[in-house]
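Number of protein chains: 2
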Amino acid sequence: MAMNRSPSRSDAWNGMERMRMTTAMGESSSIHSEKLLSLARSLSELGLDNGTPPVSSKQPAVEPSIELGKGAFFADGQRKVDYILCYHYKKRRSSQQRLSCTSVASNGSIPVNNVLRRDTQPELETGIPEGEESRLSEEEKAVMREEFEFGLMEQGLQLERDKESKSQGIGFIRLHVPWTTLSREAELQKIKVPIKKSYELRQPQGIMGKVASLYQTLIKPLRPDVPETLNTQSHQNRTKTLSYPFSRDKLHLFEIKSQDTLFDYSVRSRIVKEILMRTACTQTCQATGISSLLSTGVYNSAFPLHDGSFTRKGGRGQRNDRQLLYEEWANYGVMFKYQPLDLIRKYFGEAIGLYFAWMGVYTRMLVPPSVLGLAVFIYGILTVDTNVPSQETCNDSLNFTMCPLCDAVCDYWKLSSVCSLTRASYLFDNGATTLFAIFMSLWAAFFLEHWKRRQMCLKHAWDLISLEDEEDRVQDIPRPEYDAILQEKRSSKKRGEKRKTELDGVGDGVGDGVGDGEGEEGEKDTMLSEREPDSLTLEDQLPGYMINVSVVLMMMGVTFSAVFGVILYRITMLSIWSMDPDPKAKSSVRMTVTTTAIIINLLVVLILDEIYGAIAVWLTELEIPKTEVEFEERLILKSFLLKSMNTFAPVFYVAFFKGRFAGPPGDYVYLFGHFRMEECAPPGCLIELCIQLSMIMLGKQLIQNNVFEIVIPKLKKMYRAYKEQDKGKEDDEDEAETKRPKQQWQKDFSLDPFEGLSPEYMEMIIQYGFVTIFVASFPLAPLFALLNNVIEIRLDAAKFTTEIRRPDAMRRKDIGIWFNLLSGISKFSVITNAFVISFTSDFIPRTLYQYMYSPTGSMEGFTEHSLSYFNVSNFQPGSSPSPTLFTEVKICRYKDYRDPPWSIQPYSFSKEYWSVMAARLAFVIFFQNLAMFLSMLVAWLIPDIPRSLREQIRKENMLLMEFLLQDEQEALSSKPPNHSPIRQHTHLQHSHIDMCQILH
Amino acid sequence: MAMNRSPSRSDAWNGMERMRMTTAMGESSSIHSEKLLSLARSLSELGLDNGTPPVSSKQPAVEPSIELGKGAFFADGQRKVDYILCYHYKKRRSSQQRLSCTSVASNGSIPVNNVLRRDTQPELETGIPEGEESRLSEEEKAVMREEFEFGLMEQGLQLERDKESKSQGIGFIRLHVPWTTLSREAELQKIKVPIKKSYELRQPQGIMGKVASLYQTLIKPLRPDVPETLNTQSHQNRTKTLSYPFSRDKLHLFEIKSQDTLFDYSVRSRIVKEILMRTACTQTCQATGISSLLSTGVYNSAFPLHDGSFTRKGGRGQRNDRQLLYEEWANYGVMFKYQPLDLIRKYFGEAIGLYFAWMGVYTRMLVPPSVLGLAVFIYGILTVDTNVPSQETCNDSLNFTMCPLCDAVCDYWKLSSVCSLTRASYLFDNGATTLFAIFMSLWAAFFLEHWKRRQMCLKHAWDLISLEDEEDRVQDIPRPEYDAILQEKRSSKKRGEKRKTELDGVGDGVGDGVGDGEGEEGEKDTMLSEREPDSLTLEDQLPGYMINVSVVLMMMGVTFSAVFGVILYRITMLSIWSMDPDPKAKSSVRMTVTTTAIIINLLVVLILDEIYGAIAVWLTELEIPKTEVEFEERLILKSFLLKSMNTFAPVFYVAFFKGRFAGPPGDYVYLFGHFRMEECAPPGCLIELCIQLSMIMLGKQLIQNNVFEIVIPKLKKMYRAYKEQDKGKEDDEDEAETKRPKQQWQKDFSLDPFEGLSPEYMEMIIQYGFVTIFVASFPLAPLFALLNNVIEIRLDAAKFTTEIRRPDAMRRKDIGIWFNLLSGISKFSVITNAFVISFTSDFIPRTLYQYMYSPTGSMEGFTEHSLSYFNVSNFQPGSSPSPTLFTEVKICRYKDYRDPPWSIQPYSFSKEYWSVMAARLAFVIFFQNLAMFLSMLVAWLIPDIPRSLREQIRKENMLLMEFLLQDEQEALSSKPPNHSPIRQHTHLQHSHIDMCQILH
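Sequences listed follow chains C and A, in order.
Using full-length UniProt numbering, the first residue of the first sequence is number 1, and each one after it goes up by one.
Using full-length UniProt numbering, the first residue of the second sequence is number 1, and each one after it goes up by one.
It should be emphasised that the hints constitute simulated quantities derived from the structure, not laboratory data.
A hint or two may mislead.
In this list, chains with the same sequence are indistinguishable; a pair is considered to hold if it fits within one copy or across any two.
Pairs of lysine-lysine residues, derived as DSS-like cross-links and limited to a Cα-Cα distance of at most 30 Å, are as follows [unchecked claim]:
no., residue 1, residue 2
1, Lys250, Lys190
2, Lys459, Lys813
3, Lys493, Lys210
4, Lys717, Lys799
5, Lys190, Lys257
6, Lys192, Lys890
7, Lys196, Lys337
8, Lys489, Lys210
9, Lys459, Lys190
10, Lys700, Lys799
The structure displayed is predicted, hence computed values, not measured ones.
Please work from the sequences and hints to get the whole structure.
See below:
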């Protein structure tokens, strides 16, 4: 019936594949692993045939010449290299030489060549210190490698290696995943593959359709210049092929042009990685997966290969993907074009694709707030001359005599002397700022929603929608560090229970439950008491948690003391420099101190940032998280906590605490007895906050971008080249080899390894903090962020394409914890902005004055109203200015709402103070709830999945169902032995504009 | 190789199934439908062989006797009845009689019998008015039924029907889904089926394990008494069988005991429903799916069958599921036991299972706040005697003379006269209330998190985790109303474009794109201009939206005017009754008016509730939503908006507006010129709020529960029984039949249809609003809710088991929009509680007085401080009390913070007013942000998926992968033609407590 056609096909496939497998591996798969291993071991003990493992000798003779085939293929020029494993080797020429080698290795001094090579490999690749690595002798490592590689072949991978020609060096093992294995794994992992059914999506007719196509035409110059197939969003009537989880029984359904190209790079490398992760090496080393072997130094590194060189030799010619990326993405010339996301995803995998997609969305979303922020600033410039409070401040005839800003040495001063600062303050603190802050809350909500939609579109285009289960499984593999500690715990438990040593073999390891059931009844009680711990308990991890909490608290303390230190610096410097009798110096004291303090602040922030990064890693190691994912998540949370606190603590101080505890004249608050608490500059704290913010934000971006991302890598490279040269002179015998053109894997090996996306995301998240949290005081922040990001994207792109090894293609269905951090920051920013507007800026007192106290309904008289009176006779002894130019001053003014000296309770808070306070608080409530409500409304009104996409998914499901049912019925009715449905094509018409084409 | 074993098995299955199919359906499947239909039509036109459709005549002869087989099976006693279709029929004995029948039908009068029967079917089952139904003649309907039933058979369903023995009546078609169809659909829908691999989960050892098992033992008496297999949570070491999406090619992997029992009720009924939904009837009626046919009256109803009677005849014996449910669930005797959720899910499907699971979680979660709320209340009772403000109020010697509460007729009064009310007020407004309100915010967050976890456990236990895609597909089918309007739009378009009539046949319908591609090139431009609309555009739906918005706004207006009406009632009644010279009547006026006003309020709320429910349905119909899901969602949102506003508007008025606009003495605010705005009762608005809340909450619950859910159904039943009797007398010829024991489908037909879960959820959501939104003013609300819900669960259970037809088993992966509403209410409640505590209660003034103004630091003197002075000479003419008992009063007091008459600005807000206001606002900010932060912390700290479950899912995935890989390898190495893996069993040990066993 229906069923007997697929097998006949798959039989054919299998037959073919088996042939291929046999030629590749010989009879190795039928030999049992243990036998082979013991053979290998005995061989190596005899000192015979060492170096080349027995399996590879059965492969078709591998030519040592490098000219054979292209770098991306096996020696036969057919099979693609899907993955590379590297290891250090030392050839054991005779047992004597071997002994000496071993003695060298065991005393910990590693040969020169080795040290040099290691230099190009940063520490974190292996994750353990040098000393530990040398615990295993070279022979042990070789045996482990043999077992592991045998395991890989048993799992269905094909291996190729070079002869170990030199006495020691780097060995490369090249892995290829053949069709049999690939199809098996693809079926198990339910990887979706295109079927013989495609449809074409037409834009809706009518006005909306015309607008959409006009839009498409308009943004055409912005599209990157990559082949159409790699840019699903470029053409108007997209043809999409339906996909269905791969199944070898239903090969006839799928659109298979060639077995080599059906699964692209990311699927292949993911499958190899998965096999590498689950292959165990139980005989020689109790370890599962390549990551354990990497961490013990058995292997040096493991990575997939780049697609050849990123530069084209000479003129035109077909560009490979890496060249495409280099020219159409990692290039300042295409700075204003969209990124070729589908190509990035194809080349680097979904996780990195999502990062750049997010960067793109974020950067583009920064355009409106940049423009508006600039507009607010320009509005300030244009209206500053008509602003009554600053006019009043600058008006000399109003003659406000202000109380001195420090004890004794400072004199009374005229309010008009701070005229320019007041005018500058107005640029950032005008009516438009409030509206801009509300806009930014909405913008944040809109940005998050927009990203969700964009992510959904990408998930659909990249077939990530039904990912959930798989991801969990892949990520389950415990970290080698966790395994090691678990192993230790087990063995210590074993040692403690010597009386039952004979049972120790039972239940060794987590996953060996299969076939465990037979002896169950008899051994039940022993098993219950004896079962080995298969995970660490809370007690094992408790010390780590304790250290964590205390260190994090300590680091918070460090941050706060850093802030406090800068405050002390300012206070002491001010009081010291103010004693300078030169009036000119005196006038510039405040500015000088503020500026130097901010620079100190910036340096402290930058230094602590690096320290905190290291501490966060160390702390997370101590926690012994089980899986890589858990590790990453905790690391991110911790370093986010530390770094954001570090960055924002000084800003928070200026915004909400500075000058609030200074006390009224005559009752000043003193620090350590004689340092008067600092006050804000006369026109309010907002302008100081603004300066602080802009300096830290700009400084951080400039220094981190330029120094850390350009200069340091350049220096590293130069150092490496210099060492290379050095080595070239020293190492005469290898000269011939270094002269030969390098193979692709050798080139890639010399690149830096991929270190994860966390640092990139972290930088952006902190920047997002600057853009949102204090935007009310610094409306230009989005503009600075925008300028930075346009460059940052291309900088990162260049790094990914040219400077690091190709990363494993990771699948992620979203940007994970970063989204939560973004949304947390957005929520937090609503509150901070509410407080900045109502407490830091003068918006509320001004508004209240205008509508409640002003006799004329205008702002006239506001300055008078906002200054309280102080009777100079009430100064505490020693704090009144001793040599004063203002001799007849009886009353001085200060900025506060307090009762005048002649009231019943002099200098207590006035009724105005309380009403202003109530208004400020009411505004906070109003602003916070309004912004939160609007954000929620935005989030609710904008569906997470664009309507057109939802519709499309539904239609796709319908078409798929139809196709499958039709296939069923054909099979039932006609049952040809090898029927294969013809390619089908359908037209669908959108009833909504296709948002996925428009969202970016 | 590996592939040739499964097909040989599936070949066998298929062969077997084909045989069976052939016996069941004869050659019908090879006859083309159109031929058959035309045959049928010609037959019925000749007046021959009508009634019994040709296909059923080919079935094994169906005995008309009812004794044959059990009610749940076909006549052969083998095939299970999976679904029932009902229709009205009229037998066409001769053409003459037929004509008369038709004429009866066409003038709209339906025969008596028909009318009576319809009475038991509420309107919404068919969704269209009576008049429309009669548009189709009986013959047309019969032909449509024939085509539709033929379509069903083509899709692979098997049908059985009784002979239409009477001249007219209800015909029943029984549907059975055979294995071939079942397995095909199960594979397409990727339904998970147990495989031959199970594992046993052991509790972790150590103290935690002991605690867990102790807990298990303790709650054992609370477990419902149902078979172990139906209660996955009852045993400590659970054996769980892994499951994998069903595939006919891999039958050997699955644990198939019998083809009849592999798929349970819910899968079977879902598959039948799906086929019913997608089977089209294109020839005779342009309609797809049973719902269109139901709405046009071609069928009367469609439902799955109950599992026999819910009462057991006599003693013991094996109970069927319905009896189990009736005895162990729908019974007040088991009120304090957990619900048998797995059984509910098995019997009613996942959607209803989730509802009752949610109800259970909610009810149990109400226990802690009930206890605490009671504790707060008791704390109030215990400390009321030590409370200084109420002592001061009751202290006659302090002698506060208060200003009159109404103009002229009211006299001055002593504060001590409201002593008891003040003491009562303290019971609900003491320090503990604030803490309780914060607790409730946390509780709400915790409840939502807990539910997420519980839901996740259920999703895992019920295999709902990978549901996403499927659900979307099933729910895509457009509503018949939508289809009808679309059809109309199309035909009107056709009429307008007569010149191209010959092209009208192309592209008819949404999903017929298959095979559309051939003529593509030539017809492209015509198709582009000619393509028919496949969905309604915004313009079609705009009028609906407009009406919606305006009606909703109008309804809001109605609600507000109702509230306003009650206010007017209170004001006028007060001023009228106050004129009563009898001082006794005068003193009780306030209480009487308040009570009557609240009762009126309650009645208005209840009546408007019903009206709004109907209006919401009507409005949603007008919107023409496309799918059932969309319809439901919009309906829920609308009715939630209207109903919650209706319920809470009067409460909001009392809480935040009453008495705030009354103005100070001498400057009272008047409504309509002479009604003075009402003030709160002297001890503050909180006690009034409290009374209002408790009355509305209790009244609503008691009346809705008792009257709407018990009395009205009872009355309906009685009426039906009465009519039934009536009919029995009338309808003599049917007497023989009615005397015969009814078949199961006849019994089920006489039950009420299932009307969806929305009303049940809505009731609970509104209740949740009472529990959270104003909990600060009425801490007993959780207790009342708890008591109500314990009964409500069993009431609903009884309804579902005994009073309604078995609902379609719907799969839902969560409770959908209701969760969003719950979380919205929770967020909203934080704000309302903050405002209630700071503005409605006296908490802030009291606290502020104690810590800021009190000379002794105690509460002494608070009453004096909180009352302002009024000089009676400042009364406006006519508003001072004319016949007064207090003759020497110069100064009266009123509750407000205003400057005394002797200050500079008499009667303006005092400094205390502003500082209290600032404190109130600060408290709102503090409370809101604290509660929000804590809620977020709770949500963040409690992972959505319990750790043990996540671990278990991972392990399951690992075991599954292992099992599948092992199967692969066995197939590769041994390749027996029919290998089937032996049943495997594994032990897993939890390293964490299994939270899914503990969460309920």
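Please work out whether the CA atoms of lysine 196 and lysine 337 approach to 30 Å or closer within one copy, between two copies, in both situations, or in neither? neither (34 Å within a copy, 55 Å between copies)
Evaluate lysine 250 and lysine 190 at a C-alpha cut-off of 30 Å and name the case that applies: within, between, both or neither. both (13 Å within a copy, 15 Å between copies)
Regarding lysine 459 and lysine 190, is the shortest C-alpha distance of 30 Å or less found within a copy, between copies, in both, or in neither? both (16 Å within a copy, 21 Å between copies)
Have a look at lysine 192 and lysine 890 and pick one of within, between, both or neither, based on CA distance no larger than 30 Å. neither (86 Å within a copy, 90 Å between copies)
Between copies, within a copy, both or neither: which fits lysine 190 and lysine 257 at Cα up to 30 Å? Both: 20 Å inside a copy, 27 Å across copies.
When no copy is named, should lysine 489 and lysine 210 be tagged within, between, both, or neither for a Cα gap of at most 30 Å? So lysine 489 and lysine 210 pass the 30 Å test across copies only (22 Å; inside, 69 Å).
Please sort lysine 459 with lysine 813 into within, between, both or neither, judging by C-alpha distance up to 30 Å. both (7 Å within a copy, 21 Å between copies)
Taking 30 Å as the upper bound on the Cα-Cα distance, should lysine 700 and lysine 799 be classified as within, between, both, or neither? For lysine 700 and lysine 799, only the intra-copy Cα distance (20 Å) is at most 30 Å; the inter-copy one is 66 Å.
Reference check for the pair lysine 493 and lysine 210, CA-CA at most 30 Å: within, between, both, or neither? between (74 Å within a copy, 21 Å between copies)
When Cα atoms must be at most 30 Å apart, do lysine 717 and lysine 799 count as within-copy, between-copy, both, or neither? within (13 Å within a copy, 77 Å between copies)
The earlier numbered hints that this structure contradicts are 6, 7.
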